[in-house]
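Peer 1: Residues per chain are reported as follows:
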Amino acid sequence: MGRDKEENKEQIQEQNLIELPVRSLWQDAIHRLTKNRLAVISFFIILLYLTVALLSGLGLIATRYDEQAYKTDPSGVSVLDSYRPPCFDHLLGTDIQGRDVLSRVIQGSWISLRVALTMSVIYITIAVILGALAGYFGGWVDDLIQWIYQTLASIPGLLLIIALTFVLGKGLTNVAIALGLVGWVSLCRLMRAEYLKHKSRDYVLAAKAQGIGDFRIMFRHIFPNTLHIVIISFSLGFIHAIMGEVVLTFVGLGAQSHEPSWGRMISEARAELARDPAVYWPLLSATVAMFIVCLAFNIFGDALRDSLDPKLKV
Amino acid sequence: MKMPDKLLLEVNNLATYFRTEGYTSRAVDGVSFKIHSGETLGLVGESGCGKSVTALSIMRLIPDPPGKIVQGSILFEGRNLVELKETEMRTMRGNRVSMVFQEPMTSFNPVFRVGDQIAEVAIVHQRLSYKEAKRRAIEMLKKVEIPAAEERYSDYPHQMSGGMKQRAMLAMALMCNPSLLIADEPTTALDVTIEAQILHLMRDLQSELGMSILLITHDLCVVAEMAHRIAVMYGGKIVESAETHALFNHPLHPYTQALLKSIPRLGEKNRRLLVIPGEVPNPLAFPSGCRFHPRCSFATDICRKEIPEFKEYEKNHYAACFNIGKQHTAQET
Chain A
2 MGRDKEENKE QIQEQNLIEL PVRSLWQDAI HRLTKNRLAV ISFFIILLYL TVALLSGLGL
62 IATRYDEQAY KTDPSGVSVL DSYRPPCFDH LLGTDIQGRD VLSRVIQGSW ISLRVALTMS
122 VIYITIAVIL GALAGYFGGW VDDLIQWIYQ TLASIPGLLL IIALTFVLGK GLTNVAIALG
182 LVGWVSLCRL MRAEYLKHKS RDYVLAAKAQ GIGDFRIMFR HIFPNTLHIV IISFSLGFIH
242 AIMGEVVLTF VGLGAQSHEP SWGRMISEAR AELARDPAVY WPLLSATVAM FIVCLAFNIF
302 GDALRDSLDP KLKV
Chain B
13 MKMPDKLLLE VNNLATYFRT EGYTSRAVDG VSFKIHSGET LGLVGESGCG KSVTALSIMR
73 LIPDPPGKIV QGSILFEGRN LVELKETEMR TMRGNRVSMV FQEPMTSFNP VFRVGDQIAE
133 VAIVHQRLSY KEAKRRAIEM LKKVEIPAAE ERYSDYPHQM SGGMKQRAML AMALMCNPSL
193 LIADEPTTAL DVTIEAQILH LMRDLQSELG MSILLITHDL CVVAEMAHRI AVMYGGKIVE
253 SAETHALFNH PLHPYTQALL KSIPRLGEKN RRLLVIPGEV PNPLAFPSGC RFHPRCSFAT
313 DICRKEIPEF KEYEKNHYAA CFNIGKQHTA QET
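First to last, the protein sequences are chains A and B. First residue of the first sequence: 2, per our numbering; consecutive thereafter. First residue of the second sequence: 13, per our numbering; consecutive thereafter.
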């Protein structure tokens with residue numbers, strides 16, 4: 002016995018000498034992400050977008066031009082400045098009320114971030130809890146939850162959102178809530194499948210054999226193992242939220258006319274493009290901003306999925 | 013080996029069935045045995061004979077549906093585990109009865125530190141603070157002879173070798189000082205040198221902590237070394253049970269005899285190992301009468317029709333067979 006111990010110690014010391022750098026799951030994911038140049042660029046674009054949105058939300062940037070417009074005309078409307086094409090003073094031109102399009106776009110990023118966050122919190126909470134219950138307990142709980150989301154999924158999404166906003170009322174917050182209440186189905190399906198898979202894993206049985214309760218197993222033991230799916234879904238869900246806000250504002254349910262949202266700018270372009278010469282810059286700025294952010298989230302979300310997928314590991 | 017006498021666990025006529033789409037799989041079908049405190053009982057048998065289901069039934073961890081304990085009682089420290097509510101049972105698991113599984117590689121949650129998983133047991137059952145639990149977990153890691161326990165505490169499961177994980181598993185199982193440890197093939201996934209270390213460790217811990225062990229294995233050499241008493245399972249039933257020496261020296265049941273003849277012995281030359289013909293009966297459709305009769309070389313008419321009674325033939329030596337006297341003579345000729 003004593004010799005066994007000695008040998009064991011020696012073995013371990015040897016192992017330590019030639020030990021490879023040990024990385025945790027997340028360190029490993031980050032390592033693999035940084036090797037993907039496109040993902041790194043996307044990450045910085047997202048970071049830039051978040052910073053700009055937050056700063057404008059705090060009222061620190063993109064306020065100057067508005068104030069200027071306000072001074073020339075206290076009602077915020079300066080007809081003299083209306084529809085200036087891009088120039089040095091207004092890098093992206095001005096809109097019908099003479100407001101600077103660049104600052105409108107920047108303020109729009111804050112709105113889209115707010116909508117995306119509200120929606121994400123709502124749909125992730127619903128999806129994780131219901132998916133976990135359905136997958137872990139099975140039986141009638143599973144049947145009931147599946148029935149709910151199958152029913153929800155069978156109604157065309159846009160119609161359901163529009164119907165919900167009719168109930169909740171117009172406005173950005175309500176649009177975000179409606180998007181959240183409708184958007185949880187796909188994540189819920191994924192979570193249910195993950196819980197089905199994990200509940201028969203040995204470590205869950207081992208945890209049960211240690212007398213650990215069901216809810217503790219569900220949310221403390223299994224949930225961290227599914228966290229990558231939630232994070233990827235969160236990242237890709239942003240696109241859904243941003244585009245959802247734009248679409249709903251376009252049909253007149255989201256942002257109201259005083260709110261500088263991207264959807265509002267695109268919606269107003271209907272009239273602007275018909276002018277002669279066509280006023281294209283508000284439309285172009287909003288679309289490009291949306292396009293870049295969505296593309297960045299898409300690429301980053303994809304890269305994240307690749308780097309967190311254990312099946313692709315060497 | 014001294015025989016301890018205080019009764020800790022008494023399983024009476026336990027039956028656990030699995031029902032699927034009209035079929036009933038009688039995985040465990042009338043199993044009875046006793047474990048005294050401080051004793052090691054070896055439960056041996058081929059794959060699929062119901063050993064693990066017996067263990068999971070004691071832990072009340074049979075997935076329901078489709079599984080269900082349909083009859084029998086499990087008296088543990090004077091309480092019938094079969095009748096306990098799930099919440100009461102939860103306070104027993106990991107606390108009074110613990111279990112170590114076959115696969116140390118997958119028995120830990122990959123995203124948590126091994127030490128924290130061990131500490132959690134004490135946090136849940138004894139309501140210790142994290143700090144206290146951590147101290148206790150490190151103590152346990154030292155007890156299971158993991159070197160540099162303080163540093164190993166914060167290892168993730170993938171940083172440990174199989175043998176070390178099984179040690180850590182033992183530490184986790186013994187965290188709350190249970191009076192019964194169920195070890196379901198604890199060394200099957202390990203190589204032989206590690207196997208010996210783990211078995212030694214279990215024996216040392218038993219003499220130190222005084223718990224009883226239900227050791228489930230298909231490896232007769234393992235039980236020969238570890239167990240005070242052995243119960244041999246076949247087709248969901250126990251066919252023979254005796255003290256280790258008695259069982260190895262003069263097995264009564266033809267199945268046990270055949271099993272012992274099918275393992276090689278050191279120093280023995282030019283003996284063909286016995287192969288038991290046929291295969292383990294399907295628990296969906298057991299043969300009539302004695303479940304071993306299609307494979308038994310002593311089978312007679314009565315074996316095909318009636319189920320033999322599990323009787324005491326010698327002191328503390330039980331078996332279920334109609335031909336106990338006859339086969340001895342048959343063997344000698």
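Warning: the hint list may mix true and false statements.
As a list, the in silico PhoX-like pairs of lysine-lysine whose alpha-carbon atoms are at most 25 Å apart [stated by the list, open to error]:
#, chain 1, residue 1, chain 2, residue 2
1, A, K200, B, K97
2, B, K46, B, K80
3, B, K18, B, K273
4, A, K200, B, K327
5, B, K323, B, K46
6, B, K80, B, K155
7, B, K97, B, K80
8, B, K46, B, K281
9, B, K46, A, K198
Ranges of calculated distance between the beta carbons of each label pair, as one might list FRET restraints [to be verified]:
#, chain 1, residue 1, chain 2, residue 2, range
10, B, S219, A, D144, 34 to 42 Å
11, B, K323, A, D144, 19 to 27 Å
12, A, G158, B, V292, 48 to 56 Å
13, B, V292, A, G214, 33 to 41 Å
14, B, V204, A, G158, 57 to 65 Å
15, B, S219, A, L118, 27 to 35 Å
16, B, S219, A, R217, 30 to 38 Å
A short list of chain A residues far from chain B (calculated; beta carbon distances all over 10 Å) [what the hints assert, rightly or not]:
#, residue
17, L103
18, I123
19, K209
20, I213
21, D277
It is worth saying that the hints were derived from the structure and are not from the lab. Even for Gly, the Cβ is constructed at its ideal location relative to N, Cα and C.
Peer 1: Work down the list of hints and note, for each, if the structure agrees.
Peer 2: Hints, one by one, checked against the model:
1. A:K200 / B:K97: Roughly 21 Å between the alpha carbons, so the hint for K200 (chain A) and K97 (chain B) holds.
2. B:K46 / B:K80: 22 Å, holds
3. B:K18 / B:K273: With Cα atoms ~34 Å apart, K18 (chain B) and K273 (chain B) exceed 25 Å; violated.
4. A:K200 / B:K327: Measuring from Cα to Cα gives roughly 46 Å; hence the hint is violated.
5. B:K323 / B:K46: 15 Å, holds
6. B:K80 / B:K155: It is violated: about 37 Å lies between the C-alpha atoms, which goes past 25 Å.
7. B:K97 / B:K80: Holds, at about 14 Å.
8. B:K46 / B:K281: 38 Å, violated
9. B:K46 / A:K198: Violated, at roughly 36 Å.
10. B:S219 / A:D144: 34 to 42 Å: 52 Å, violated
11. B:K323 / A:D144: 19 to 27 Å: For D144 (chain A) against K323 (chain B), whose Cβ atoms are near 49 Å apart, the range 19 to 27 Å is violated.
12. A:G158 / B:V292: 48 to 56 Å: Since G158 (chain A) and V292 (chain B) have Cβ atoms about 54 Å apart, the given range 48 to 56 Å holds.
13. B:V292 / A:G214: 33 to 41 Å: With Cβ atoms ~36 Å apart, the hint holds.
14. B:V204 / A:G158: 57 to 65 Å: With Cβ atoms ~60 Å apart, the hint holds.
15. B:S219 / A:L118: 27 to 35 Å: 60 Å, violated
16. B:S219 / A:R217: 30 to 38 Å: 34 Å, holds
17. L103: 44 Å, holds
18. I123: Given a closest Cβ separation of 26 Å, the condition holds.
19. K209: 6 Å, violated
20. I213: About 6 Å separates I213 (chain A) from the closest Cβ of chain B, which leaves it inside 10 Å; violated.
21. D277: Correct as stated: the minimum Cβ-Cβ distance to chain B is 62 Å, above 10 Å.
Taken one by one, the earlier hints fail for this structure at numbers 3, 4, 6, 8, 9, 10, 11, 15, 19 and 20, listed in ascending order.
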